[in-house]
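Throughout, the working numbering is defined as the position within the sequence shown, counted from one, plus 100.
Simulated from the structure, these hints should not be mistaken for laboratory data. Be careful, since some hints might not be right.
[What the hints assert, rightly or not] Cβ pair distances, simulated, as ranges: (1) THR318 - TYR163: 42 to 52 Å; (2) ALA159 - ARG350: 17 to 27 Å; (3) ARG350 - ARG251: 29 to 39 Å; (4) LEU304 - ARG350: 13 to 23 Å; (5) ARG484 - ILE312: 41 to 51 Å.
Here a beta-carbon is modelled for each residue, glycine too, at the ideal position from N, C-alpha and C.
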Amino acid sequence: MRVTAIYEELRSRKKLRLERFPVSAILAAQLTLTIVLPAYLKGTQPFSLMLAICVVAVAGAFYVECVTLGWNARPRRPVQTSVGAANVVLLTGAAASLGAALGGQGSYAVQIGRAQVSPIVALLAPFTAWLLFGAALYMWLYREGVVSRRRALATLAAASAIQLIIGIERAILGQAVALVASLMVMAIFARLIRFRTLVILLLLLPILWPPIYQYRNTLREELAGSSVYVGLDGPMDRLQMDEQMAVVERLVPKPDYLVAPSLTTLIRTGLIPSAIDPNRPAIDTGAKMNQALGGTALSSTSATMMGNVYIFSGLLAVGAVSAALALGMRIALRRSSPWALSATGLIYLNGMSSNAAYPDIVPRLLQGGASLLIAFVLVRAVDRGRAEHDRS
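Input sequences plus hints: build the corresponding full structure.
Next up, the structure:
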């Protein structure tokens, strides 16, 4: 009995630590599995510098979570949305995402010049994030006891499947993987799934990922007409980001022409549609980095989110950016609402996921925030109309 009691006490303390430092735990696990551990096993250099960047990033997030440890979550309000409104957002996001993918947004065929982006993509793009928001609304409805856990999990699985289908259709899986990861992070914060469920999924990844990756390669060969455009790396190499971060050694000190866009340009890109502001400077940081590495301006390169921060702003900035992201997530989590949960997904997707990029994070967050505001207004209108109908 005493052994059992000690075990339960240790288990409860471990759970408490994870709940107190969720952002640090997620960031540390991700950087360890995708950068530090592969770099150590393969001998990727500069290992010491890469380790320092990862440690400083986690330290920045951990510091913020320690400082905000005394913050108590605000009192939970009654349910702030309905199943009908969640369905509207979810289905709109699914339709917009599928339509934008069919229209060529982010597709491999467009990258190699075999297709062009349809004009309709510009109209659909602001609503593609609604798939993420709709899933967050369902997760919140589960927390409030409005929908069952099975229904919420089915919604999570459907949203993840749609993202993977879109990634296969585009023959580019990076963004799809990042979006699925963002859905999983939101599910953890909503207590729909546990950390151990995420660990199980990671263990299954070596089995599930290679067939998907091979099918992507097959599609690329069909599109390109040859295997010239298809990467020669293995499927699991694409989930390891150590070699991607390793380019920091070749770009520091950076060339004079490798400069980040101005803050004004970043804000203009995030808030003003290109149709209204066609003459704004392009955000081509990735292309310039690729040129600095000996490539062409037709492709782009990233040294990972934190690697880019180090290249452009130094090691202290890595900790500062990580702290700012953690602070944003802590503020959102404290508010206890479906929109705050959506905001955590946005922050993770654009600031911490494998698809995050610096300085692109600024316009991406602004665009995502504007899309979230539109969804919020729509849901309030739908719920208000339903309430008035019920009263009449």
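Outcome of the hint check:
no.: 1; hint: THR318 - TYR163: 42 to 52 Å; verdict: holds (46 Å)
no.: 2; hint: ALA159 - ARG350: 17 to 27 Å; verdict: holds (25 Å)
no.: 3; hint: ARG350 - ARG251: 29 to 39 Å; verdict: violated (50 Å)
no.: 4; hint: LEU304 - ARG350: 13 to 23 Å; verdict: violated (35 Å)
no.: 5; hint: ARG484 - ILE312: 41 to 51 Å; verdict: holds (42 Å)
Going through the hint list in order, the structure does not satisfy hints 3 and 4.
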